[in-house]
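Asks: Listed here are the chains, written in short residue letters.
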Amino acid sequence: MTTLAQNKKPKNDDSANSATVIETKALCRHFGQGDTLVKALTNANLTIERGEFTAIIGPSGSGKSTLLQLIGGLDSPTSGDVLLDNRHISQMTGSELSDFRRDHIGFIFQAYNLIPVLSAKENIEYIMLLQGISAHERAKRVTTIMHAVGLEGLEDRRPAELSGGQQQRVAVARAMVSEPSIILADEPTANLDSKTGIELLDMMKTLNEQQNMTFVFSTHDPKIMERAKRIIRLVDGCVVDDERRN
Amino acid sequence: MTNNNASHNENTATAIVTRLAKRSIFRNTRRTLLTVLLISCSLVAILFTDAFVRGMVSTMVKISTQTFLGEAQIHHQGFRATNDIDLYIENTRNVYAKIADTETIKAYAPRVISGAMTSSSDNVASAIIYGVDGHKEAKVSKLKQAMVEGDYLSGKESEILLGQRLAELLEVSLGDRLVVTVSQAHGGDLSQALFRVSGLFSFNERNMDNGMAFINLSQAQQLLNISGVHEIALRLQNLQQADDKSLPLWQTFNTETLETLSWQELVPQLSSMLAMTEYSTLVVSIILYVLVCLGLINTMFMSIFERQTEFGILLAIGTRPKQLFIQILLEGFFIGLLSVTLGLLLAYIVCYWGANVGIDYTDLEMTGMTLNEPIYLIVDITSFIKMALATLLVTVLACLYPAAHAARLQPSFAMRKTL
Numbered sequence: 001m002t003t004l005a006q007n008k009k010p011k012n013d014d015s016a017n018s019a020t021v022i023e024t025k026a027l028c029r030h031f032g033q034g035d036t037l038v039k040a041l042t043n044a045n046l047t048i049e050r051g052e053f054t055a056i057i058g059p060s061g062s063g064k065s066t067l068l069q070l071i072g073g074l075d076s077p078t079s080g081d082v083l084l085d086n087r088h089i090s091q092m093t094g095s096e097l098s099d100f101r102r103d104h105i106g107f108i109f110q111a112y113n114l115i116p117v118l119s120a121k122e123n124i125e126y127i128m129l130l131q132g133i134s135a136h137e138r139a140k141r142v143t144t145i146m147h148a149v150g151l152e153g154l155e156d157r158r159p160a161e162l163s164g165g166q167q168q169r170v171a172v173a174r175a176m177v178s179e180p181s182i183i184l185a186d187e188p189t190a191n192l193d194s195k196t197g198i199e200l201l202d203m204m205k206t207l208n209e210q211q212n213m214t215f216v217f218s219t220h221d222p223k224i225m226e227r228a229k230r231i232i233r234l235v236d237g238c239v240v241d242d243e244r245r246n
Numbered sequence: 001m002t003n004n005n006a007s008h009n010e011n012t013a014t015a016i017v018t019r020l021a022k023r024s025i026f027r028n029t030r031r032t033l034l035t036v037l038l039i040s041c042s043l044v045a046i047l048f049t050d051a052f053v054r055g056m057v058s059t060m061v062k063i064s065t066q067t068f069l070g071e072a073q074i075h076h077q078g079f080r081a082t083n084d085i086d087l088y089i090e091n092t093r094n095v096y097a098k099i100a101d102t103e104t105i106k107a108y109a110p111r112v113i114s115g116a117m118t119s120s121s122d123n124v125a126s127a128i129i130y131g132v133d134g135h136k137e138a139k140v141s142k143l144k145q146a147m148v149e150g151d152y153l154s155g156k157e158s159e160i161l162l163g164q165r166l167a168e169l170l171e172v173s174l175g176d177r178l179v180v181t182v183s184q185a186h187g188g189d190l191s192q193a194l195f196r197v198s199g200l201f202s203f204n205e206r207n208m209d210n211g212m213a214f215i216n217l218s219q220a221q222q223l224l225n226i227s228g229v230h231e232i233a234l235r236l237q238n239l240q241q242a243d244d245k246s247l248p249l250w251q252t253f254n255t256e257t258l259e260t261l262s263w264q265e266l267v268p269q270l271s272s273m274l275a276m277t278e279y280s281t282l283v284v285s286i287i288l289y290v291l292v293c294l295g296l297i298n299t300m301f302m303s304i305f306e307r308q309t310e311f312g313i314l315l316a317i318g319t320r321p322k323q324l325f326i327q328i329l330l331e332g333f334f335i336g337l338l339s340v341t342l343g344l345l346l347a348y349i350v351c352y353w354g355a356n357v358g359i360d361y362t363d364l365e366m367t368g369m370t371l372n373e374p375i376y377l378i379v380d381i382t383s384f385i386k387m388a389l390a391t392l393l394v395t396v397l398a399c400l401y402p403a404a405h406a407a408r409l410q411p412s413f414a415m416r417k418t419l
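Here the protein sequences line up with chains A and B, keeping their order.
Residue 242 in the UniProt record's numbering is what sits at position 242 of the first sequence, and the numbering runs on without skipping anything.
Residue 21 in the UniProt record's numbering is what sits at position 21 of the second sequence, and the numbering runs on without skipping anything.
Take the hints with a grain of salt, since some may be wrong.
Label pairs and their computed distance ranges (CB to CB) [claimed, not checked]:
#1 A/Pro116 - B/Leu397: 19 to 29 Å
#2 B/Ile385 - A/Ser79: 53 to 63 Å
#3 B/Ala275 - A/Glu96: 50 to 60 Å
Just so you know, these hints were derived from the structure itself, not from any lab.
Where is the CB? At the ideal position from N, CA and C, for every residue including glycine.
Could you build all of it, start to finish, from the sequences and the hints given here?
Replies: Rendered as structure tokens:
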């Protein structure tokens with residue numbers, strides 16, 4: 001079996017070799033103002049190393065999704081800074097940020113969020129097409145990743161023709177196929193049944209161990225917490241606990 | 001090498017953006033079809049209006065020039081302004097010789113014109129008496145075709161043709177006697193002559209049928225005591241020559257004594273009306289394009305709001321705002337392409353029917369002119385192409401605002417229901 005790790009080429013920039021993948025400095029995100037001010041995240045200082053399998057946990061409204069959005073460059077912080085692969089994402093222009101997300105970050109969403117008019121294969125290929133990867137290389141990677149996530153034979157099906165578990169596998173494949181530095185996953189198992197959720201988590205854990213890919217989850221799911229090497233607990237927008245496990 | 005890579009990246013990105021745009025327009029088939037129908041019907045309306053206006057202009061010009069006016073007329077300087085019967089063209093042989101030498105003139109009809117009092121045994125009416133050469137007049141005007149009763153002018157003494165309504169007014173019929181009284185040239189002495197009604201005509205034009213009478217040219221000259229003619233109506237080789245002031249015709253027959261005018265100058269009110277009708281196509285087009293724009297903007301916004309989360313995802317996974325902008329514009333372009341294809345097909349069917357069957361406006365009067373034949377639509381291919389391209393452009397332009405809105409979306413806001 002060909003794995004993604006075998007296909008993966010080393011990145012030229014120094015950041016690829018750096019141990020720190022994510023660094024947040026006094027990160028704050030506030031919504032509204034005056035009486036309606038909501039402090040979704042307050043003074044978050046975090047460092048995440050390459051190859052970590054990290055879970056951000058906390059009750060609803062504790063700021064997990066906000067933290068993931070800020071790390072992924074999907075939202076702008078009220079104050080503070082985010083460094084991804086040693087690059088200040090708050091200083092990037094819109095297009096630079098788009099390219100950065102395309103090349104360095106993989107997203108997995110709770111609601112799968114596949115493009116409904118594209119087939120499973122095309123959804124997986126999408127980012128590579130934006131990157132301008134050759135047809136031959138795309139075909140090779142798609143075959144490999146579809147095998148890895150157990151979607152062989154379903155290449156031409158549209159999302160509506162796939163089960164929830166299969167859609168989430170496509171989402172995982174899409175996030176990983178472009179070989180990003182980090183994968184941000186927001187409650188990836190929330191809409192899946194227990195068995196499918198475990199299968200997917202085991203698959204992601206294997207990819208993490210085999211390819212040293214960094215995973216950051218926002219979750220309530222005990223199954224993710226069991227597998228995480230590090231658990232960051234948020235309460236009311238503040239990091240209250242940061243536990244590393246062997 | 002780097003440039004090649006960048007170009008390859010752009011190509012593959014453009015390919016996927018185009019594929020997304022194509023497939024997205026059929027996501028809500030009913031809405032897309034309704035939008036396509038709205039745009040194509042608007043295009044059909046614009047093209048129909050354009051073809052109709054062209055047909056109407058052509059019909060009106062044809063009616064105006066071919067019925068009696070001719071494409072141009074020669075008068076003595078000042079005659080048209082004063083209607084003074086003393087201002088007639090004297091040296092007609094010379095003028096006729098020049099006309100014969102002018103290639104652009106296909107036929108001509110000399111006319112003597114005078115206001116007259118016509119009296120029957122029962123009634124009296126004023127009329128314009130035209131003295132014409134029956135043979136030459138038949139080559140320029142439709143007087144011969146307009147005959148509804150009796151015989152056309154044969155050149156015999158005392159023949160008179162009356163408008164059908166004038167005959168009704170005078171209560172005369174074929175063979176009845178009629179006295180014509182005119183004021184002679186060179187002094188204004190009254191002159192009378194007795195005529196027998198030899199024929200009745202109807203141009204389907206109220207003013208002409210109410211107030212015109214035709215007698216033979218020589219008798220008219222005798223009656224008015226003149227040796228020349230007041231008017232020479234010209235039939236040109238084609239209508240467009242009336243617009244071409246560079247032709248030698250205009251120099252030859254515009255002299256110190258002669259004034260030659262085209263049909264546009266002879267009936268300026270018709271010319272102005274025709275210019276105005278051409279604006280009507282523009283006005284209809286603008287109104288319909290505004291409606292198309294508003295309809296399309298509404299459709300695209302509905303589509304964008306429905307797909308807001310999806311756009312958030314596309315932006316989150318690395319689609320550039322510019323690429324999303326292009327995707328929406330391409331969706332508009334494809335909708336426009338479908339609409340234009342359907343619109344052209346429908347417009348062709350409608351205009352083909354209108355060009356062959358015609359639209360019957362018979363007896364409708366416009367600017368004193370009665371439409372006495374159907375209006376046949378005239379399809380102008382250049383106009384079809386221009387309007388089709390304009391529609392395509394309008395659909396793309398209408399998508400600029402929705403596309404800019406989509407491109408400005410912040411991924412976190414667009415996806416707030418999910419991430």
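Asks: Each hint needs a verdict: does it hold in this structure or not?
Replies: We went through each hint and held it up to the structure:
For A/Pro116 and B/Leu397, the hinted distance range of 19 to 29 Å is satisfied, since their beta carbons lie about 28 Å from each other. At roughly 58 Å, the beta-carbon separation of B/Ile385 and A/Ser79 lies within the given 53 to 63 Å, and the hint holds. Checking the proposed 50 to 60 Å range against B/Ala275 and A/Glu96 shows it holds: the Cβ atoms sit about 56 Å from each other.
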